Every structure is written in C-alpha cells, then in structure tokens.
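Asker: Based on the hints, put chains B, C and D in the right spot on chain A.
4 protein chains.
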Amino acid sequence: MRINNDQIREYNQRGQAEHSRMLGFLAETLEKRGIDVNETINRLHELQVAIPSWALGSGGTRFGRFPVGGEPGTLEAKLEDVGLLHKITQATSSVSLHIPWDIPEDASARKKQAEELGIRFEAVNSNTFQDQPGQPYTYKFGSLSANDSMSRNLAVEHNLEVIKYGEMLGSKSITVWLADGSSYPGQNNFRRAFRNTEDSLHKIYEGLPTDWKMLIEYKPYEPHFYSTVIQDWGTSLMLAESCGKQAYTLVDLGHHLPNTNIEQIVSTLIMRGRLGGFHFNDSKYGDDDLTCGSIKPFQLFLICNEIIDGMNQNTAGNPPIEWMIDASHNLKDPLVDLMQSLEAIRLAYAQALIVDREALNEAQSANDVSRAQEIIQDAYRTDMRPLLAEVRKQHGGALNPLGFYRDQSVREQLIAERGKNVVASGL
Amino acid sequence: MRINNDQIREYNQRGQAEHSRMLGFLAETLEKRGIDVNETINRLHELQVAIPSWALGSGGTRFGRFPVGGEPGTLEAKLEDVGLLHKITQATSSVSLHIPWDIPEDASARKKQAEELGIRFEAVNSNTFQDQPGQPYTYKFGSLSANDSMSRNLAVEHNLEVIKYGEMLGSKSITVWLADGSSYPGQNNFRRAFRNTEDSLHKIYEGLPTDWKMLIEYKPYEPHFYSTVIQDWGTSLMLAESCGKQAYTLVDLGHHLPNTNIEQIVSTLIMRGRLGGFHFNDSKYGDDDLTCGSIKPFQLFLICNEIIDGMNQNTAGNPPIEWMIDASHNLKDPLVDLMQSLEAIRLAYAQALIVDREALNEAQSANDVSRAQEIIQDAYRTDMRPLLAEVRKQHGGALNPLGFYRDQSVREQLIAERGKNVVASGL
Amino acid sequence: MRINNDQIREYNQRGQAEHSRMLGFLAETLEKRGIDVNETINRLHELQVAIPSWALGSGGTRFGRFPVGGEPGTLEAKLEDVGLLHKITQATSSVSLHIPWDIPEDASARKKQAEELGIRFEAVNSNTFQDQPGQPYTYKFGSLSANDSMSRNLAVEHNLEVIKYGEMLGSKSITVWLADGSSYPGQNNFRRAFRNTEDSLHKIYEGLPTDWKMLIEYKPYEPHFYSTVIQDWGTSLMLAESCGKQAYTLVDLGHHLPNTNIEQIVSTLIMRGRLGGFHFNDSKYGDDDLTCGSIKPFQLFLICNEIIDGMNQNTAGNPPIEWMIDASHNLKDPLVDLMQSLEAIRLAYAQALIVDREALNEAQSANDVSRAQEIIQDAYRTDMRPLLAEVRKQHGGALNPLGFYRDQSVREQLIAERGKNVVASGL
Amino acid sequence: MRINNDQIREYNQRGQAEHSRMLGFLAETLEKRGIDVNETINRLHELQVAIPSWALGSGGTRFGRFPVGGEPGTLEAKLEDVGLLHKITQATSSVSLHIPWDIPEDASARKKQAEELGIRFEAVNSNTFQDQPGQPYTYKFGSLSANDSMSRNLAVEHNLEVIKYGEMLGSKSITVWLADGSSYPGQNNFRRAFRNTEDSLHKIYEGLPTDWKMLIEYKPYEPHFYSTVIQDWGTSLMLAESCGKQAYTLVDLGHHLPNTNIEQIVSTLIMRGRLGGFHFNDSKYGDDDLTCGSIKPFQLFLICNEIIDGMNQNTAGNPPIEWMIDASHNLKDPLVDLMQSLEAIRLAYAQALIVDREALNEAQSANDVSRAQEIIQDAYRTDMRPLLAEVRKQHGGALNPLGFYRDQSVREQLIAERGKNVVASGL
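Residue numbers (numbering that gives the first Met the number 0), protein chains in the order written: chain A, 0 to 426; chain B, 0 to 426; chain C, 0 to 426; chain D, 0 to 426.
Chain A extracted, bound-state conformation (with noise of 0.2 Å):
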C-alpha cells in the first residue's frame, strides 16, 4: 500500500494549531539559551536510521511467535513497508539486507522500487549462525572460526556473494555478526577460533571494494553460553585494525555485559576512528532487541552525546556512522514498533544536540562535578518532541506518525492486502 501526500497533509493539518503553541514555546526556549533551532532542525533530519529487513515480521524467541498478520513475505514488499515508514515519518531513508533471506531475485527491479520509494540500501547482513537447507557444510561448529577449514571457506564464499549482491543494490558495508563460539569450558581453543576468523575476514575485505567498509559486530553470549569469538570492543578492534583501513566495530547496544558503560567504548571508538555503526535496540537483561528507548532513555542519550561530542573534535577521521535499528517484536505491530525506535533516537541526538558544550567544557575543567551532571541533565530534561515534529513537517512527514498509521488503519489494510499468514522472515 501508498500513502500519499494529502493524506498527511490533512492529518497534520487537524493538529497544526497545537503543534504551533508547543513549538513557539519551544523555539523561543531553545533560543533563549543560544540554540540555533534552523540549524538543529537540519542536523535532526540528517539523522537518518536504517530499517533491517527481518525487523519488519514478527520476531520470535525460542518459545514460540505470534504472528501480526500482514508481515511482507517478499523483499519488494519488505522495501514497501521501509517506504512507508519513511513516508511517515521522514527519518529513514534506507534499508539493510540479510542474506540469504532477502536475496534480490530482481535486483534492478528492486533497486528502481527503492529509489521511487526515497530510499536506498544499507549495509548488508552476512548470516552463518544457520545451515541453509542443502548446505554441504555446517556451521554447527563454527563459520569463520570453524576448525574445518570446508564449514570456514563456505563461510568466506557466503560473506564474499552477500556483497556482490550488495554491489547490485548499491550497498557500500557489509556487517558480519559472527555468532561463532563456544559453549562448554574445552570446545574451543580460544587462540585457533581468533586466528581462524582473523584469516577469514582477512580473505573477505580482501573481496571488498575499494569504497565499501566492514563493519565487525562483537557480542559477548547467545547463542552460544560459554564464550563467543568476538566477545567485546576489545576483540572487535583488534580484528577490524588486522583487516585495514576500512573495517570498523559496530555496536549493537544489546551485545554487552550487565551494567557496561557502552558510552565509554563509543567515545573510545571515535577516539580510534573506528567506529562503524549501529545496532540501536533496547535491554534489561541481555540481547532483548527491544524498542530505542523503552528502558534505558538516558543511556541511549549518553550514547548521543558521545557521538556528537566525538564527531565534533573527530581528530582520527572518523567516517560517518551509520545508524541501524535491530530490533525484534514479539508483541507488537512492528511497524508502530519500527516508528517508536525512530522517535526515541532522535529524541535522544535532540536531547544531545541542546548540551551546553562550553559550559559543560568548562564545569569539567574546573572540576565542577554538581555542575557538569546539572547541565547533561538540563539537556535530557528538555522536551524536544515539538522539533521533531517539525521537522517531519518541514520533509512531508506526519506531526505525530503513531496517530497518522492508526488514523489510517495501515495494519488493517496490510493484512487485508496481505492475508492473516504470511510470514516474514526473521529472527
């Protein structure tokens, strides 16, 4: 299904007078503390999120899925969804792939589909946490780190197709989350399963175009319970640095032990010039894959405001980051979902965005401990919401995307187009 234009203009239009009162007060606010608000404006529409494709079905947990009903069984149909989205709520111009679930069978056919929809395509997903039905190797052991050097090499051939069908869509990265590891104290010998994955990766960047980067996810359980390959930063840097110039860490906030300040290790990361990208997501106790901030907000903030921050003095040339959702919905429509994520991280950069830098600057320079915490609070206190409604206003967007989908009745009419059954793939 389309949405088009009038739509959202009518909808806007029934909440503009409110809208107007909540930004004027917000506008003379922000200006009043020396807030340029054309500029933040600007900087909150750059900030655009990726959408994962398997994000876009139910997500399950080892003990069943309930399906929404309506989910995109095909890729075109996955790359709808990703339009609509952005249709709404003008924050997310792209999409990434996992292969081999989203093999484009049609690739410029899919690519012609992106552009007419204002989008185009992310990083690529290697995926070897699985055996494909056929496979003539496993991955039970092991892909990258596997001690046989057939299940390690299918694994290398895997990495090196996903990103010739990166190549076709106009991809530029290809993430590896290697779910490579150990279960029992024994099974690995912790030393071979490194050199093995460094040797493989070694063999994938050497298959990367020249403008393209690798982006190393690092996590420190699930699915395997006793050790992992890549269990932290630490491990990922070291890989990405063997590799060259252009491989970098990614973060997926939910890959950490409890109570990690992920902050840190992102300044550090910028601080290196190595930091990649994003798996933004949401945790109490472990990889959740929650919405953005549903149950750490301020964390999610301070990982804006280390960005920020970082990019501003960005002395080792850290490229660009790129900025994904990985996300999975048990519960909900993972469309309202998807839009959730959108708000609570640009909520946050907002929220960062309005720091007092200099003051802050100054307040640690002098030690001035009471002071530094009042103005990182003063920021995250602030309610930024009027602004970005504004300026999902400003791109064509609707002021409150959540209103506007059920206004609309999206789910309803996907189903209806749809059917009840349909089953995306997915975690």
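Think of the hints as simulated: they come from the structure by calculation, not from any bench.
Certain hints may be false.
Repeated chains share a single entry, so a pair holds when one copy, or any two copies, can fit it.
What the hints assert, rightly or not - Below, in silico cross-link-like pairs of lysine to any residue (SDA-like), each with a Cα-Cα straight-line distance of 20 Å or less:
#1 LYS31 - GLN12
#2 LYS419 - PRO135
#3 LYS392 - LEU22
#4 LYS31 - SER19
The structure displayed is predicted, hence computed values, not measured ones.
Answerer: Frame of chain A, contents of chains B, C and D only:
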C-alpha cells in the same frame, strides 16, 4: 547559618518572568490533557523526603575520603543544614538520625531547634556494622544474627536504645539495616542465622511503641561478599510478617542484584501492605549511593508510578510510605548533591502523577502494548520542572535551589563558620 | 534399542581392575575420616534424577537448531531413551512429560512400557507459552495471568487436563512454569497480573488430587524482557502459600539474576517447608540450559550441601525433593549430555554427603571462618568418582557410562533405527 | 618470629605415613595416564606467587574494620611475615610493596633481610587513590588522568619515585592501578581523560629502567561509580601498546563485570604477547577480594589452563607472567587466608597441568564437544592435593601448612610479640 525570606524573595524576583512563561505553557498543556494543575501542585508539596544525618558530610569509599569543608560536626549543626535545605527547597521537612553517631546530648534542645527549622525527626537508624570503642562483644561475626548470644543481646539492646532516643525526639519508626552475613561458603549456617535474626527482631519488636513502625532493610551483598542474612525482599517480608503488623520492608534502590525489576518489587510489597519506606539513591553497579536520578531516571519514574498506582488502590491498607534519601557524596558538596536528589525525586514523581491512568488501564485491558508504552513515555517525556519551581515558590522556597545556593555562597559561608576540616560522621 | 545385562557386564569386566584400585583407595580414605562407605553408596543410589522428555532431542536457540539424528519422535521412543539411560547409569528412574507435546495416546501401554524399563512418571509439565494450532484464544499476552478471561480459562483448563494425563500415568505432581510477563513498562499492571495468576492457580489447585503436589517455578526474564509475573522465589512462595499445603516452589538453577546466591534460597525454602523440586542445569549468563556442573560445579555442590543439611534438620516437614534435569542440548548428543549431567549431580551430592557436619558446626559456633571454609573445601576437593562407579555397578549399570555408550555405538544404532531427520519436540 | 627446620620436620613426621599412602595412589594414577610426576612436581615448585604487603593486615570495608592482632606495623615486620609464609609453604618467594605505605627507610637492610628469608621484591605498586597529608595537589578528581596538570604531574612524579624505591630493592616491574574515573555522566570527558592518562603513562614509561616492565591494571568501577578511565582489558592494551614493548596488561580477577569470561581475556592477551601479570583473588559480586578459589574454583582452573596452554605455544613472546595475590581479609587471620590462597592457586595450576592436551586438541579438531568437556573435567576432578604436599615437603615446607600454623600457635606468638592493636597499612 540561616537563610531569610528576603534573600529568597529577592532571588526569585530575578527569575520570575521566565518562570511565569514556562509555567504558563506547562499549565496550559496539562490542562488540555485534563490534569488539575493545582491538585498536582498540592500532591507535589506533600512529597517531603527525609535527609539522613550521615549524608551531610563527605562520604568515603574503602579507598579514601576527600572532605569538602564546612561539614557539620555536631547534631546541632546537622539539623541546621537540614533546616537550610528545607528553607531553600521546601521539600525535606524531616531528618533521619543514625545512632550512635547522632546521640542527642540534649534531646529537648534538639527537638526545639528542629521545630524552629520546620523539620521533624523521621526514622531512627541503628548501627551494628561497626564496633564502638570499648564495646564488650564484637559484631565482627554478626550482630542480630550472631552465633554468640552475647553479641546478639548487645545488638538487641542497642536497637532498643535507639528507639529510646527516637522517642525523645518524636520519631515514629526505626530502620534496621543488618550488615550481617558471611564471606565464605561454610562460614554461616543460613537457617541458624535467619532464626537468630528472627528471634532478635522479635525482641526489638516487643520494645516497639504501639504507634511506631519497624522498617527492615534488605541487601544482597557488602560488607559481606558471599551471603547476607536478609538478602532480598522475600526474606525481609518473611521477617516483617513474622514480627507483626507494625513491621515493614524498606527498599533501598542500591540494594539489588544487576537488572532487578525494582518497581515490580515495590508493587508487590504495596499489594501485600508491607512497603514501609525507601532509601533513595542511584547506582550503576552496586550500592554506589549516587545522587537520585543521576544514572537511571526512568527507573525512578517507574518506581514512583508504582507507588502512586499502588497507593491509589490500596486494598491491603499499606501505611503512608516513608521517603528518605540515602546517598554518599564523595565528590560533590553534600548539600548540592542533596538538592539534586530532591529535585530528581520530585521530578520523577511529578511525571508519574500525570500518567493517564484511565487510558493506561484501557490499553492494558485491550492488550495494546504500544499504546500502553506511549502513555508511560508521554508522561515521562514531559518537562515538569516549571511545576516543581512553582511548588517551591508557593511555599517560600527558591525557584532554582542550586542557583540560589551558589548565588548566596552558602558553602563558603559554612566553611568560614565551621572551618575546613570538621569531619561529619558518616560513610 | 535395548541394552542387555551381558553387554554391560562384559564392559565392566574390562575396567574392573582399575576400578578396584581406585575404589579401594577412596574407601580407605573415607573410612579414615569416619565415613560409612556403604551408607554413602546407598544414599547415592537413592538419588534418582528425572529426565524431561523435551531434553531427549536437540535443542535450539532463536538463531537456529542443528539436529543430531536418531532423535525420538514419539512418546514411546522417548521412554525407550530414558530406559536406555537408566539401564546404563542406574541414576534416572523417572521421566517428566510435557503436555501437549507428550500426550499419551495409549496411556496404559506407555505405563506398561515404563514399568518394563524400570522407570516411572515424575511431574507432568503444562505448556502455555505457545499457541497450539487452532487454539481459540491466544497466550500471546499471557495465560494464567492474562487480562482476557477467555485466555485465562483456557490456560486453567489446560493445566487441569495435564493433571488428568498425569493421573493416567501415575504422576504425582504438576510443574507450572508460567512464561507470562511483559516486555515494556506499562504493558502489564503488576498487581492485576499477580491476582489473575493467583486466582488461576487456585482453580488448578482445586483440581489437584489429594496426593499430588503443585510445583510453581519462577524466572526473572525470558521470553518476556521487562517483567515476569513470577519473577523470583519470594513471589513463587507467596503463591504457593496462598494455594495451600500441596503447593511448593520449584527452583530452576538458570532462573536467577547475575550473582544470586541460589544455595541460600534453597536453604530458606526448606526452612519454610516449601521446596518442592529442582530443574538442574548450568549457566554462565542467563537461562543457558547447559549441562549440569559444566560451568559452576562448586555452586552445584553448595546447593547439594544445603539440601542435605536442610533435610537432615527438617523441622518444617519439607517433603522429599523432586530432582529433575532441565537442559537443552544444542551441540551435543542429548543422551551423552544427560549422562554428563547425571554424573555431575551425583558427584556434587557425593561430595556434599562427606562434609564433616559436626566439625563444621563447631567451626561455625566458634566463628572460625577459615576452618569452616576448609571443611567445605576438603569435601569438595575429594575425588568421589570411584564411589559413583561402584553405585552403578552394584545396581547393574556401567562403570563408565560415556565409555560404554561410545563403545556400543548407541547413537549410531539409534540413527540406523530412526533415521537422521526425526525431530523430537522440545526447545 | 622465625620457624626453624626442625619444627617443620617434626610436624611432617607425624603426617608422613598418610601422606605416603595418598601420594603413592596419586602418582600411580597419574603415571597410568602418561603423566611425568617428577616434572609435574618441578613445575609446581616453579609456581611462586608474590604476597602484597597490604594483605598482611586485616582489611576493611567502607563500613568498618575488625583487626586481628599481631599485625605487622613496619616494613621489616611485613617481610618477616612473608618469610614465615614462604618457610611454611615454599610457594611465595617474593613480596610486592605499596608506596607510599611501604617506603623503605633503610633499603639495603630490607634487601638483606629479604635475602636471608629467601624472598625477593616483585612489582612495586604506586598509589594515587588517596591524598597523603600535606599533599600540594589533590587526586580527588583524578591523578594520571586529571584535568589539572599539577595533579597529573604530581602523580607522574610519584610513579617515578616508586620506580626509584623499587630499584633500590631489586624490583623489576611497577604496577599501575589507576583509580581515576567519574561518578556522574558529564563529569569527565572520556577522550580527554584517556589522553591525559596516555600522556602521563608515557612520561612514567620514559623513566622505566630498560629491564623493567610496566603493568597496567584495569577495573570497571570502584571507587568511581559511573566510569573508570581504564575500564577493561581493551583499554589497558591500547595504553600498553601505546607506551612500548615493556608495557603490559595486568589482570585482577575481581575487576570485571558480571559473567565476564576472564579466561578468554587471558588467552587473548597471551596471544598478543601482552599479559604481564595477575592479581589473584576471588569474588561473587564485584571486587570482593576474597580468598583465591573460595567462590569460583573452576574458573581459577580454567584460567590456569589458558596460561599453560598459551605459554606452551608462546608465538608472540609473552614474557613470564607475574603471579600475585591481591586479597583483603576482613574476617580471617591474614596469614591463614594467604596460605589458603596459595594452596588454591597451586591446586588449580596442578589440575591444569594434567589436562591431556593432545586428546583435547583431537577432540576440538573433531568437534567432539562432549569429549573435550570430559577431558577438562577429568583433570579438574582429580584430587591433586597430595602432590602439592609433596612439592612443599621436598623443599622444606610443611605437608599441611594450615595444620602446622595452628599447631605452632603462630598468630598467638605474633600477638605476644607485636601486641593486639598494631595496624598494618592496607585496605
């Protein structure tokens, strides 16, 4: 030192125009949502949070202590500091004493002083985690739980004495935090330690005046590092119910294992009618005793939300909850830190007050997960600070407590009065 | 397939000499410490651990599943596998079924089969974490706790049906693991969810035969990632006590927050007379469902130690504890894995049996912390494996179960019989 | 006090018969597995673990301290205590000093004393987490990382001075544990703090004698509770590599987030050639500083396993690792506690020495997960204590150190000599 009304009035004058603008906007916004602003103001004013006497000086860690100067060296000076805080914030009309650190030499003088300052005496706290000089039996291996009956009796006597002091001052509750536990498997027989504790608490309970409450704290570890006798809310509740109707559980936000859902515990205890009070602070790792709301402000809001919702439907007859800060200030001026905590608690409470409970109930009943989440987030994302300022102003406090405190150079005056090196007792 | 006595006898013959040497040394060592070796052997034999029917096939994670081949596709085949395990290990004389996965089509045939195999039916398990095809009301938003009374009733009916099946087979208990919870703040009203659950459990309890037990499991998270209705032992205990004398708490070792002192919980529940049973497994991060004793063998020993000590002084009349494994085997042959778990549990139990309790009590009473620690460590460091072999041998099992299993190529035979691709139901 | 050889000889005589029986059995068992018992004995003897000077007195927590009596009040007395420990255990031929607590007033006398006691001086430790009386600039807001260059310079000077003292005594390494960090978001600029630290470390490194090592410790939190400058091994490694070839990472077992796989970190650092040393202790929650092996003995074994395996195939030229205990004894006689730690480390190391590496390698290559697990567990479950006793005996130590210590009433003699109330410096 004393602050007089004119100082505050003059200070508020300077900020009045901007305050009016902010408040006007917020009041209109809230009214559009159907919220009674005056009632909200009244409910916020009712939220008075007690200051613990040990938080008025610089805290330390096992690695050292860095004093701030001008700390209150006597009980009289401590009351003065609380009076000062209350004068400025109008949010802390009581103080909570720690015995033996705060034994009142002249109880009636202190009571009179407190009355003049507009404060009263909240829960008294016993202390059996240290030996006092000349103490006949040690608490090294436990106090209320000790295998040695002499240590046990001494600890019981101490608690009864604490009640005595509390009675002199007008307190109506005693908080028992039991540091007892073990650091090595085998050191303690868990069941014997529990039964000794139960027995000791019964003896203290027998000495409890009929209009008093006994608040039983729990904590999973520290200063013992293998087990603690009252390790969690379940254990505390068992002990409270074993003692009788005047015994309750006290929740310290820092006393939980990683990732604990504290707000659910709060809800359960109210449902059971046994939530006696709180020790508010914040933490990232363990019992870090940081400023309230400085690390997990959303959690603080969710806790307030459960308190409000639970007390609205108080079928089990939970008594009014005792609100207290329990933080330790290693790096900041303690008074500044306490003002930051008071602000953070009231802010979270104010946000929780405006949750649209009717709509939330509907969304829950309809299993509309996204909608329920939105309702919660909408309240949390609202900037309620202008209302907090208004509450203070209406009762004679400062529009901006931290601004006022700095403007008047309060710490500098305290150092001038008391010197640089007075050491307040405390952690 | 069946193993006959001659196969085992022949196998044991080969290892007899070395076994005698090992056993002789151990027996002498134990006797010098005043331990009655024969009594220890008898107590070890009494320790029979139930096998859950869902652990006989390859488990999976949300990221995939790698089957091992020869898995039992029917209840009959599952019983066969448990019989085989029992034949070899003499340590698992019962099986625990999961309904609806294991609905017995011919209950009396299954009962007869079990008798022939020397096994009986332990607790039956209900399952309301997935919807079954054609199910009229969904469990997506809860089952026993659901806001929707139709879902709730369905879940109650299901549990009553599970009891029916259990009665046909001779089970005497039902285990309720409730996956219900919420993934977002606001989704659930905690108190309503608790009360719905309490009410539902009462209805099931009313249908409980008078010689049955109801075992109530708790778990802090997964498959829900913000809250679970029965989040911890305290909540489970409240529900059990609310139901009545036949209701108990069940402890799954993987269902705790990081760093929880599980052995203390075990001790508390026995003291309260409410420890119904265990789901044994091991974990490093969360509910990892790893082989027992593979990650934290010392914790397993400490738990056994509390069980033995608590049941020795069983003042609250705790009934005999139901021992069950609950592991999920992603990488290993499930039967091999279960044999490793059985060995690890018995080893920990054997070490706990030889703790010198008299000396420990003395050391505790004298606050001799080092001595108490030494006593515990001395037992733990003793290599009790020869005694475990002897117990098996005396009852017709294999001296070395894993050696025997490989020697006889059991898995190869099962694959030959059942094929490579049968899929056992399970996680 | 001094122990003489006759006392030990006489004591060993009493236990010799039983020791022979135990050793005879174990030796036969090991030989059957193809293990060279004498070589194992030699390798165990080579494992000498340094004692930190601050662990010889009673430790404290922020809640208090309970002294044991007879503590060493001077450096001379501390060396005496280490000599005593070495005499009895033959497992600790060195001591690690903390400056400024242990500034040697007469270095040559101390060096001579140490020689007579058969001990040498291991790493010296700097201390910038406390201010010393009269210190011109504070470390309250950081030392090597401080924004204030005066504090930073002071801290650099202090470290250089520590090296000076170490040179006088024959030390060959300095351990830098940096307590610097922040307790509130905003307090620190992460990148500035890192760069200040890097710069300061470079200055210290320039003053490092060419035959010395610099060991850089990491820690995620405490005494700061939001961030630490060197939060994890990745950060420490970056700093070490930035300094130069003589800089290494030091691993303290208690300095990790919950559930960290420490053994994998150990393996990675050896692979990189940058594992300088250890601070051994044990913990359940945080930096609990408990006796080695008292909580997680299996983890200790797995760490030893990685050390042995990594150093066997030391392709990156990792230097010999410095083994040190870093525990804090709140409840136990420090000397008893240290003997328990020494025993636990050697026991874990002995078990790791007998892992069948060839078979393990085969099992890993064949992806035989169960078999690999069995090989690891088989080594761990073997009771190696008789071999530890034999190692001691062969070198003049006591068969049973704790037994001997109690038998000779060592603590009582120390109290008689030194009094009840001497306080050793330390935590």
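Asker: Sort out which numbered hints this structure fails and list those numbers smallest first.
Answerer: none
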